[in-house]
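Enquirer: So the chains spell out like this:
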Amino acid sequence: MTDVPVSRIRNFSIIAHIDHGKSTLADRMLQLTGTVAQRKMKEQFLDNMDLERERGITIKLQAARMNYTASDGQQYVLNLIDTPGHVDFSYEVSRSLAACEGALLVVDASQGVEAQTLANVYLALENDLEIIPVLNKIDLPGAEPERVAQEIEDVVGLDCSNIIKASAKEGIGVKEILEAIVHLIPPPQNTIDEPLRALIFDSYYDAYRGVIVYFRVMDGKVRKGDRVRLMASDKEYEIDELGVLSPHQIQVEELHAGEVGYLAAAIKTVEDARVGDTITLANNPAAEPLPGYTEAKPMVFCGLFPTDSDQYADLKDALEKLKLNDAALSYDPETSSAMGFGFRCGFLGLLHMEIVQERLEREYNLDLITTAPSVVYRVTLIDGEVVEIDNPSQLPPPQQRIKIEEPYIKVEMITPETYVGALMDLCQTRRGVFIDMKYFTQSRTSLVYELPLAEVVTDFFDQLKSRSRGYASMEYQLIGYRENDLVKLDILVNKEPVDALSTIVHRDKAYHVGRALTEKLKELIPRHQFKVPIQATIGSKVIASEHIPALRKDVLAKCYGGDISRKKKLLQKQAKGKKRMKAIGTVDVPQEAFMAVLKLEQ
Amino acid sequence: MIFFPAKLANFSQQIVPVAAYLHIPFCRRRCYYCDFPITVLGERAPTNISPLVVDYVEALCREIEITSASRQSLTTIFFGGGTPSLLPLPLLERILKTIENHFGIAPEAEISMEMDPGTFNREQLQGYVGVGINRVSLGIQAFQDELLQICGRSHSRKDIFAAIELIYRVGVTNFSLDLISGLPNQTIEQWESSLEQAIAIAPHQISCYDLVLEPVTAFGKQYQPGKKPLPTDEDTAEMYGLAHKMLTGAGYEHYEVSNYARSGYQCRHNRVYWENKPYYGFGMGATSYVNGKRFTRPRTRREYYTWIEEGGVIKEPEVSATDFLLESLMLGLRLAEGVSLEQIRQQFGAGVVEQIWICLQPYYRQGWVEILGRDRQTIKFESNNCCITSAERLRLTTPEGFLFSNTILATLFEKLG
Numbered sequence: 001m002t003d004v005p006v007s008r009i010r011n012f013s014i015i016a017h018i019d020h021g022k023s024t025l026a027d028r029m030l031q032l033t034g035t036v037a038q039r040k041m042k043e044q045f046l047d048n049m050d051l052e053r054e055r056g057i058t059i060k061l062q063a064a065r066m067n068y069t070a071s072d073g074q075q076y077v078l079n080l081i082d083t084p085g086h087v088d089f090s091y092e093v094s095r096s097l098a099a100c101e102g103a104l105l106v107v108d109a110s111q112g113v114e115a116q117t118l119a120n121v122y123l124a125l126e127n128d129l130e131i132i133p134v135l136n137k138i139d140l141p142g143a144e145p146e147r148v149a150q151e152i153e154d155v156v157g158l159d160c161s162n163i164i165k166a167s168a169k170e171g172i173g174v175k176e177i178l179e180a181i182v183h184l185i186p187p188p189q190n191t192i193d194e195p196l197r198a199l200i201f202d203s204y205y206d207a208y209r210g211v212i213v214y215f216r217v218m219d220g221k222v223r224k225g226d227r228v229r230l231m232a233s234d235k236e237y238e239i240d241e242l243g244v245l246s247p248h249q250i251q252v253e254e255l256h257a258g259e260v261g262y263l264a265a266a267i268k269t270v271e272d273a274r275v276g277d278t279i280t281l282a283n284n285p286a287a288e289p290l291p292g293y294t295e296a297k298p299m300v301f302c303g304l305f306p307t308d309s310d311q312y313a314d315l316k317d318a319l320e321k322l323k324l325n326d327a328a329l330s331y332d333p334e335t336s337s338a339m340g341f342g343f344r345c346g347f348l349g350l351l352h353m354e355i356v357q358e359r360l361e362r363e364y365n366l367d368l369i370t371t372a373p374s375v376v377y378r379v380t381l382i383d384g385e386v387v388e389i390d391n392p393s394q395l396p397p398p399q400q401r402i403k404i405e406e407p408y409i410k411v412e413m414i415t416p417e418t419y420v421g422a423l424m425d426l427c428q429t430r431r432g433v434f435i436d437m438k439y440f441t442q443s444r445t446s447l448v449y450e451l452p453l454a455e456v457v458t459d460f461f462d463q464l465k466s467r468s469r470g471y472a473s474m475e476y477q478l479i480g481y482r483e484n485d486l487v488k489l490d491i492l493v494n495k496e497p498v499d500a501l502s503t504i505v506h507r508d509k510a511y512h513v514g515r516a517l518t519e520k521l522k523e524l525i526p527r528h529q530f531k532v533p534i535q536a537t538i539g540s541k542v543i544a545s546e547h548i549p550a551l552r553k554d555v556l557a558k559c560y561g562g563d564i565s566r567k568k569k570l571l572q573k574q575a576k577g578k579k580r581m582k583a584i585g586t587v588d589v590p591q592e593a594f595m596a597v598l599k600l601e602q
Numbered sequence: 001m002i003f004f005p006a007k008l009a010n011f012s013q014q015i016v017p018v019a020a021y022l023h024i025p026f027c028r029r030r031c032y033y034c035d036f037p038i039t040v041l042g043e044r045a046p047t048n049i050s051p052l053v054v055d056y057v058e059a060l061c062r063e064i065e066i067t068s069a070s071r072q073s074l075t076t077i078f079f080g081g082g083t084p085s086l087l088p089l090p091l092l093e094r095i096l097k098t099i100e101n102h103f104g105i106a107p108e109a110e111i112s113m114e115m116d117p118g119t120f121n122r123e124q125l126q127g128y129v130g131v132g133i134n135r136v137s138l139g140i141q142a143f144q145d146e147l148l149q150i151c152g153r154s155h156s157r158k159d160i161f162a163a164i165e166l167i168y169r170v171g172v173t174n175f176s177l178d179l180i181s182g183l184p185n186q187t188i189e190q191w192e193s194s195l196e197q198a199i200a201i202a203p204h205q206i207s208c209y210d211l212v213l214e215p216v217t218a219f220g221k222q223y224q225p226g227k228k229p230l231p232t233d234e235d236t237a238e239m240y241g242l243a244h245k246m247l248t249g250a251g252y253e254h255y256e257v258s259n260y261a262r263s264g265y266q267c268r269h270n271r272v273y274w275e276n277k278p279y280y281g282f283g284m285g286a287t288s289y290v291n292g293k294r295f296t297r298p299r300t301r302r303e304y305y306t307w308i309e310e311g312g313v314i315k316e317p318e319v320s321a322t323d324f325l326l327e328s329l330m331l332g333l334r335l336a337e338g339v340s341l342e343q344i345r346q347q348f349g350a351g352v353v354e355q356i357w358i359c360l361q362p363y364y365r366q367g368w369v370e371i372l373g374r375d376r377q378t379i380k381f382e383s384n385n386c387c388i389t390s391a392e393r394l395r396l397t398t399p400e401g402f403l404f405s406n407t408i409l410a411t412l413f414e415k416l417g
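For the protein sequence lines, the chains are A and B, in the order given. Sequence positions in the first sequence follow the working numbering and run 1 to 602. Sequence positions in the second sequence follow the working numbering and run 1 to 417.
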């Protein structure tokens, strides 16, 4: 790795909606600059986790340093800092953008601007980034470059007269993009002589080397062996390994202002090197940390319980390991009368929650039962004390509280005009407050609502997609707490209260939710040898009830001419299903039932 | 999961099969509930022997000949289908000769054949009996023409009585009737009437099968279990209870989940399956259990022929010890007499019996499970003062335990598997 002057460094990220071709474009740039040899190329180099490849989304950030000889004959270093593509990780996105001077805005020429893209563009503009618009997939028959370019001008307010038309898949326009990066994105400021300040934009845990920290040097320089201090966590470490990402890690001796790299310093958990923290030198610290650090706070909580209580220790172990690599994940032991011992876990959002659950089941081989997600309620007690409740079953009884407040978010949806009505209807049923509607083009209308977060963490996103036939996209941010008339809805299965099914709802919707929930549970809980009543109650008042009729027979009449394999398979399936159920008293309740509240037809 | 000592590898492989199932896949048409491997010949009775059938019997005999045999002759042979009664006499004779030459047939062997009303005449039946068929299983399914039509059966109520008359005239010494409950539009009254008529015919055995909806059948695609026009679970459970009450009242013993027989007339061949003993299987889609390996043959004729041409190799792994235990329980608990705990204790150890007993506690309290002592009397477990170690047999109660046998078995699979 040759030393490179600050003036010839370009740091950029790519802003794009899912499927608009970000990863493919990154792949092409790596190829064209000779960073990754053709033969080593696997599709979507930057998406490392299986889960990411399967879903086509980026969860963990990556970075890549490319050497590029531009048309002016000069050699440049281009650092691509990838951003995660989901609203749950918007804080990480903001830190990645803060590490860049510019960004490519990649828009599918046959689709147009989506809400998430827009949110990230605004974030980039706030960070004073130079934005280069790119139309991708122009080779597709449905491409409408003029329309989409106009749309970007109208919606984002960018000058698109020189918009680059590209097809990452076909390699069209990639060269132009690289030239634009060199010529349009400003170089970093030369602050090599100032005390070291480096911005952490990602980190992950490595079992052998400890936490690997990805950072951008904003000021000064850092050398291998330096003793560094992390200003927010106030911890000091000696750098064992320093390097750049090419995109594979390559060790170097020194990095200076403008450069992007990684370090390893025997840091034990990612919590000690959080995204947004500032690295400085222990013996010559900077006066001020870099701005913008916040601790990512979990917004959504749920209970995780092992189906088999023997797996409690394994679950604890797995959460500990995940936590090493995921500072935003929180977990505390929880005991439920219905579910036994488990953990109350906090997540940034629904996707984060799903990812953690899936990794626990896939990578750690655990059978889990997840309770419906809940938000954090703020409850003011009669003695004036304010408590935060992230578990509906812990809500203090009415006589002990003065008020309940719940988190609100501002949601921006972008949708074709046709579905505006359907989406407004969705927001109304979710207690939404209409704020604004902007008409950009026929295919792009922006709809802004304020909604209780609790109404969004259920199936809001699915509903948004289904009511707009997949066309609408959304983005949200937390805007604060508001007082509402909320009540706790309890569920009794076979006369026994099931704390894991308790939920907090608005009084006006309680009756409806109670009815829908009991009906859904009737569908999901299998028949037993006895009649199973299911009731929804508020306090001691039953507001809805159903019953599951008794099972009358469960027998297979025939074994086919000695072919016992079918019956055996059937029994094995039945046995497996049983294993994944939780016994509530004498009633076996399947896993899906605990998520039933998410699946109510609204 | 339970772990067994390594020496307890397999038990069935030391025993040589003395039972054989032969699959005769031909049918006039496919019944709407059936997903068996069959070949449809068409409604018209053929004037000549179909070359299709000749070729098949050729392959079947070839398969018998390339199967390694022991010195033990067969004690039960079962022609199932399909509709074996579509088999021309000379071809049946050819198959039986091949078996006789290759394995030998014991003098008192039970040789059963499934037959459909309307597919045979007196001469044919006499011929069958003449070459050795001594047990007939007549698939009548229902006595009501409208129900037979709904099922897509190729015979009518009239054909049933004609077939019964032939069976009596020819003097078949052991015959059985098949009935199906839970058919679309079937009422409890119709079922009761079918049972009355079956009793009046006085066969040696009556099988009552509760309809199973198989996904790839016409029924499976059209209907949802327990939903109209199918009877509700409550109604089919009542039909099951009614069959038990009426047939046991008429002197039949409810000896298996779906089977009733007069004393001494239980189907010996089917008991081989339920006792988890080995058996040969021949023909397309037929299953065998030989040398501890369960194997199902290719389900189409073409693939079956190819398989024989390639030497009829059975590559399946041997049934593991755990599977052997689960299969013994799954099959054995279909019989009214249940399974021998003494045998399980010898094969798997007393700990396994203990575990089984723990799994079955709730069902014992429910009255679905019984434990018998060495004196064949039921043992009462009032508290913990009585010990399972002295118990000899485990069985499901008839009919309540039978009705919930899947629930009970699934628990055993869950805890022991």
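Just so you know, the hints here were simulated from the structure itself, not pulled from any lab data. Where hints are given, some of them may not hold.
As the list claims (entries may be wrong) - Which stretches of chain B does chain A cover? Using the computed rule of at least three CB atoms under 8 Å from a CB of chain A, they are: (1) 153-160; (2) 235-244; (3) 297-306; (4) 393-406.
What the hints assert, rightly or not - Derived BS3-like pairs (lysine-lysine); straight-line CA-CA distance at most 30 Å: (5) Lys-522(A) / Lys-541(A); (6) Lys-541(A) / Lys-568(A); (7) Lys-558(A) / Lys-227(B); (8) Lys-573(A) / Lys-97(B); (9) Lys-568(A) / Lys-227(B); (10) Lys-297(A) / Lys-509(A); (11) Lys-573(A) / Lys-293(B); (12) Lys-576(A) / Lys-316(A); (13) Lys-277(B) / Lys-293(B); (14) Lys-228(B) / Lys-531(A); (15) Lys-293(B) / Lys-579(A); (16) Lys-277(B) / Lys-315(B).
Predicted model, so just to flag it, every value in this text is computed and none were measured. All C-beta atoms, glycine included, are put in the ideal place defined by N, C-alpha and C.
Enquirer: Of the numbered hints stated earlier in the document, which are not met by this structure?
Expert: Of the numbered hints, 1, 3, 6, 8 do not hold.
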